[in-house]
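If you read the protein sequences in the order shown, they are chains A and B.
Counted the way the working numbering counts, the first sequence spans residues 1 to 376.
Counted the way the working numbering counts, the second sequence spans residues 1 to 283.
Take every hint as true, because none was put in to throw you off.
Quick list of simulated restraints, FRET-style, between CB atoms:
#1 A:ARG123 with B:ALA108: 43 to 53 Å
#2 B:LEU190 with A:ASP248: 47 to 57 Å
#3 A:GLN110 with B:SER195: 17 to 27 Å
#4 B:ARG92 with A:ILE323: 49 to 59 Å
#5 B:MET272 with A:GLU197: 36 to 46 Å
#6 A:SER99 with B:MET62: 45 to 55 Å
Computed list of chain B residues with no C-beta within reach of chain A, every gap over 12 Å:
#7 ALA34
#8 TRP41
#9 SER46
#10 GLN60
#11 VAL74
#12 MET101
#13 ALA140
#14 GLY222
#15 VAL250
Calculated from the structure, these hints are not laboratory results.
We treat Cβ as the ideally placed atom computed from N, Cα and C, and that holds for glycine.
As a plain string of letters, each chain reads:
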Amino acid sequence: MNAVVGAGVETGQKGPAPYVRIERLTKRFGDFVAVRQVSLEIQRGEIFCLLGGSGCGKTTLLRMLAGFETPTDGAIFIDGVDVTQVPPYERPVNMMFQSYALFPHMTVAQNVAFGLKQDGTARGEIESRVQEMLSLVQLNGYEKRKPHQLSGGQRQRVALARALVKRPKLLLLDEPLGALDKKLREHTQFELVNLQEKLGVTFVIVTHDQEEAMTLASRIGVMRAGEILQVGTPADIYEFPNSRFVADFIGSVNMVEGRLIEDEPDHVRIECAQLGAIVYVDHGVSSPPDAPVSVAIRPEKIQLSRERPEQTDNVLQGVIAGIAYLGNATRYLVRLPTGFLLRVTAPNVFRHEERLEPDERVWLHWHSSSPVVVTR
Amino acid sequence: MNDRRSFFVLTMLVFGFAFLYLPIIAMVIYSFNASRLVTVWDSANSPTLAWYVELFHNSQIMDAAKLSFRIASVNATGAVILGTLAAFALQRYRKFRGRAMFGLLTTAPMVLPEVITGLSLLLLFVALEQGIGWPSGRGATTITIAHMTFSMAYAIVVIQARLATVDRSLEEAAMDLGARPWKVFAVITLPLIASAIASAWVLAFILSWDDIVITSFVSGPGSTTLPQLVFSKVRLGVSPDINALATILVLIVSLAVVVAGTYMMRRDRRRMRDSQAAQGATG
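Full structure from sequences and hints, please.
Put into structure tokens, the structure is as follows:
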């Protein structure tokens, strides 16, 4: 999935100049700092996702890109041009609103044509480009309908067509799938990615839904309290979170406090009182010795067994305290002798698998490359 | 139990409507009365349309009606224009100095006693005439200006309430697609609040049409509005042609209400059917 989405994106440190460059952008509302010193570079043709909880400043950042909010400080460059002070109606940027914001008194065709009309495009060209957009989003035959005569999914596609018809350099999408039900959302995610590949428009998407961000994005920026904590591919963010917040926010994780007791360039040992054990990690950590650290272990990276595993490091014993059967996987809660509860997810590979029972004593182990050590 | 309750509801309904409309019905019936004495029913010659015929030949009443119509129309148009601008400022520019004060000031004429509004306007017009020579004397112009001051307050309330329900992102979307702020107002905001503007216009028209207190302060010798004329005629004793006049006005108002009601009901029903059909169809 990610390989498909990421196709055509220049990765590499010395790629071409960034298409969108955000420099130390700050937005204050009175005493409240919505966006704090954000710097970001987005490449041409990328799908960049701003991910974060509500009130993290992601929507404010998007609205500054669209021109609806004026930054308190900092600058925005699109394709090398400083657009910081350019009003929204002169920016080469279009936005798809969370509520779709379709004009209720206009037909589908009039909605899509609106942007071209403002530019004074010739009538014949408007007509052909509207038709082209409508067939792209598979809404031929709906030209004469009013927005209230459309279903949620159709409205979403009209909004998309309207935002794309001016061939913007940058398309901003605010929670593009938020108003759709689950089935439709999954279907639309792939349509959106296909469309983006076909047109090559750079997308910046704002979402609070981490699954949506993972499936859509070529790169994700995780935001909290107005700051960007980490930028990376979905796999980077998931496998190599740089902070407790990112590890916790993306997916499910077991977070354990610890203390570095052995710090070598090729491995570290961390004493974790909560586990009652020492965690061996097969890569170095850039942190002062004896500093408090956190160890993050993903539930699916822990393996359960009835027999004692062969390895000697990273082996624990516990009792099954809870089982949740999810169909594709089973989620276990394992109580350690220290009383700490570890979450473990095991895929259901075989139909007639012999399943673990509640209160059963089990062995837990994980590969020494699995734990992620975060220092903040 | 159920029967008794529905009997109770029905009784309340009948009494309620009787209280509201019996006087009007009585007036309508008496407008066809042939007798010159308003309270005596002349069963020999009634019903008759004599008073209606006389009404249209009474140039005094026709002139007053025309004047009232002209004042009410100009007033409603002016009040709606000013009211839209004020409502827009109050609703869309959230943080400006003295916004709360401005909001209070615009709606104050609604609660101010009419006598005070009328008197203060009279003083203002007199002072203006002495100062800059305009408006010269009092007449249709001063009445229109006076009516605008208070009907604008109602227009603001109606339009602002509608404006509050217009999704701001619609205006932002239009701007995002390249429309300048004035264009956005003209092609997006205005059509969306058009129905509120129409109601505000009708409201302002009616407020002006039947105002008498403020009018009597600022009117001049040559300008008698319909309410003023009716009032002065009634003081000299009610004449039956007033009943005929009132009946015509009631008829016009009822027609307008019925037409507007049917139109809105049809539109709502169509909208509901449309959106149900849309939800039913697969996305």
